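Trainee: Read off the chains here:
2 protein chains.
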Amino acid sequence: MLKEVEVLRISDGDCKRDVDTIVEEMSLALYINGRHVQTVMISPSMIREFVIGHLFSERVVKDFDEIESIRIEENIAKILLKSSPGLINLKKVVLSGCGGGSSFLDESGIPKIDTNFNMDSGLLLRSVKEVLSLDLHKKTGGVHSVGLFDKNGAIIITEDIGRHNALDKVIGHGVIENINFKDTFVASSGRISSDMILKCISVGIPAIVSKSAVTNLAIDIGKASGATIIGFVRGRGMVVYTGKI
Amino acid sequence: MLKEVEVLRISDGDCKRDVDTIVEEMSLALYINGRHVQTVMISPSMIREFVIGHLFSERVVKDFDEIESIRIEENIAKILLKSSPGLINLKKVVLSGCGGGSSFLDESGIPKIDTNFNMDSGLLLRSVKEVLSLDLHKKTGGVHSVGLFDKNGAIIITEDIGRHNALDKVIGHGVIENINFKDTFVASSGRISSDMILKCISVGIPAIVSKSAVTNLAIDIGKASGATIIGFVRGRGMVVYTGKI
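Protein chains in written order, with the numbering used here: chain A, 1 to 245; chain B, 1001 to 1245.
Isolated chain A, as found in the complex (with noise of 0.2 angstroms):
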């Protein structure tokens, strides 16, 4: 996910040629039942588990069962699901985020999450410091971490351009591995939107805690479903905006 390019590296009025490592960024276009639906940019890396979660997220499909097949090719990703897609076109919102995706989710209908909650405080202090740590983020401060986490600690953790891209990557991973979401939370390096707890409630995930802010419409979305919403894990501290601890 990384690459070299020459530079010109300008530092206090002295100017050299030099290399920089960057992050990579790829188009992935999005066919659903042989019809182009949606093209994403992310970076390249666990690209199934990106699609699989984004599918799962935008609440496209609600069980594994319901995807015939994917195939991946380059720059395509051709999903075949067993009934067509009703929901895709019904609203097309875009998200405000680091981490892009056009979102498929209504705020009205929201799912209520189901969920005890209780997260011992050290171990959320420590999980936004295990997803701040990664490589990739430290070297090129080019992308966001997202982790998904249970009473153990980190189940994965993943990387990309774009943090809903990330968030969908994790989920992809969780509905693959048969993981109880209920019992988990997520960890994230950038701002918690409207769009990034919706997409947590989707899959029923009740709790997400982040190193950034929260907006107004984060807050208000999880008050009505009930699930959590921790931001500015940062140090020793943190502030609860939504839910138990």
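By construction, these hints were calculated from the structure, which means they are not laboratory data.
None of the values given here were measured: they were computed from a predicted structure.
Glycine is no exception: its CB is placed at the ideal position from the N, C-alpha and C atoms.
Among these hints, one or two may not hold up.
[Said to hold, decoys possible] Here are the simulated lysine-lysine pairs, DSS-like style, with alpha carbons at most 27 angstroms apart:
#1 K211/A / K1139/B
#2 K182/A / K211/A
#3 K1112/B / K1139/B
#4 K223/A / K1062/B
#5 K1062/B / K139/A
[Stated by the list, open to error] A few chain A residues facing chain B, derived, Cβ under 7 angstroms:
#6 V23
#7 G109
#8 T215
We have chain A already, so just place chain B on it with the hints.
Mentor: For chain B alone, kept in the frame of chain A given last:
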């Protein structure tokens, strides 16, 4: 664009009820000639500028005269164009980044930038510093800021939960004020991905500089178009990825 909410603040094991300032997020449904084409999540400021800038930067229109009228009613923007927008459904590329927006741009057919961009590096350093010093950016940590500059300094600076939205807002302002984009550059707090540079060159802005990182696709597009891309503008240094300085 700010709201106060009740939160639980946890610090060093200490836990207290507190009030926190958060950033607002609103949905805006875009209707073109009566048809719903997108819903975007944006910050509630400069909404008219956002709509106009979005139409231009996504190449839905190329001339102000093509827009018959724009009416904004709460969460809906009703846009009437003189002719039907053929491009809109050609290619929906979903963006990678903080600032959302599904982009209708196609990399093939990248316009060439006709530029003598030769900006003083002192001005570039100051421009990024100015963009980062905005109030909301410091207060909430939850927004991106983008400014349009010329050799005399800032023309307009705006903030939004999404970096693409903020860029659309300054482009909209430039269109309304009839500014010649050839003599301007964009300074941004957020990552420069392919979509950000595509938006700039769509309207003829020859350069983009940022505090943050740059992706490989942005560099490819910068090289193909002749635009200047400069990242990691921090302190007294910067990294020139494409173009001249």
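Trainee: Against chain B, with CB atoms and a cut of 7 angstroms, does the hint on G109/A hold up?
Mentor: Check failed: Cβ of G109/A comes no nearer than 15 angstroms to chain B, outside 7 angstroms.
Trainee: Does K182/A pair with K211/A here, judged by a C-alpha cut-off of 27 angstroms?
Mentor: Holds, because 22 angstroms separates the two Cα atoms, which is no more than 27 angstroms.
Trainee: For the pair supplied as a hint, K1112/B and K1139/B, confirm whether the alpha-carbon distance does not exceed 27 angstroms.
Mentor: violated (39 angstroms)
Trainee: So, as I understand it, the hint says T215/A touches chain B; can you test that by seeing if any CB pair is closer than 7 angstroms?
Mentor: holds (4 angstroms)
Trainee: So, as I understand it, the hint says V23/A touches chain B; can you test that by seeing if any CB pair is closer than 7 angstroms?
Mentor: Hint holds; V23/A Cβ to chain B Cβ min 6 angstroms, cut 7 angstroms.
Trainee: Assess, step by step, whether the Cα of K1062/B is no farther than 27 angstroms from the Cα of K139/A, and give holds or violated.
Mentor: Given pair K1062/B, K139/A is violated - Cα atoms ~39 angstroms apart, limit 27 angstroms.
Trainee: So if I understand the rule, the pair passes when the alpha-carbon distance is 27 angstroms or less; does K211/A with K1139/B pass?
Mentor: holds (15 angstroms)
Trainee: Given the hinted pair K223/A and K1062/B, is their Cα-Cα distance within 27 angstroms?
Mentor: violated (43 angstroms)
Figure legend: structure checked against the earlier numbered hints; hints not met, in rising order: 3, 4, 5 and 7.
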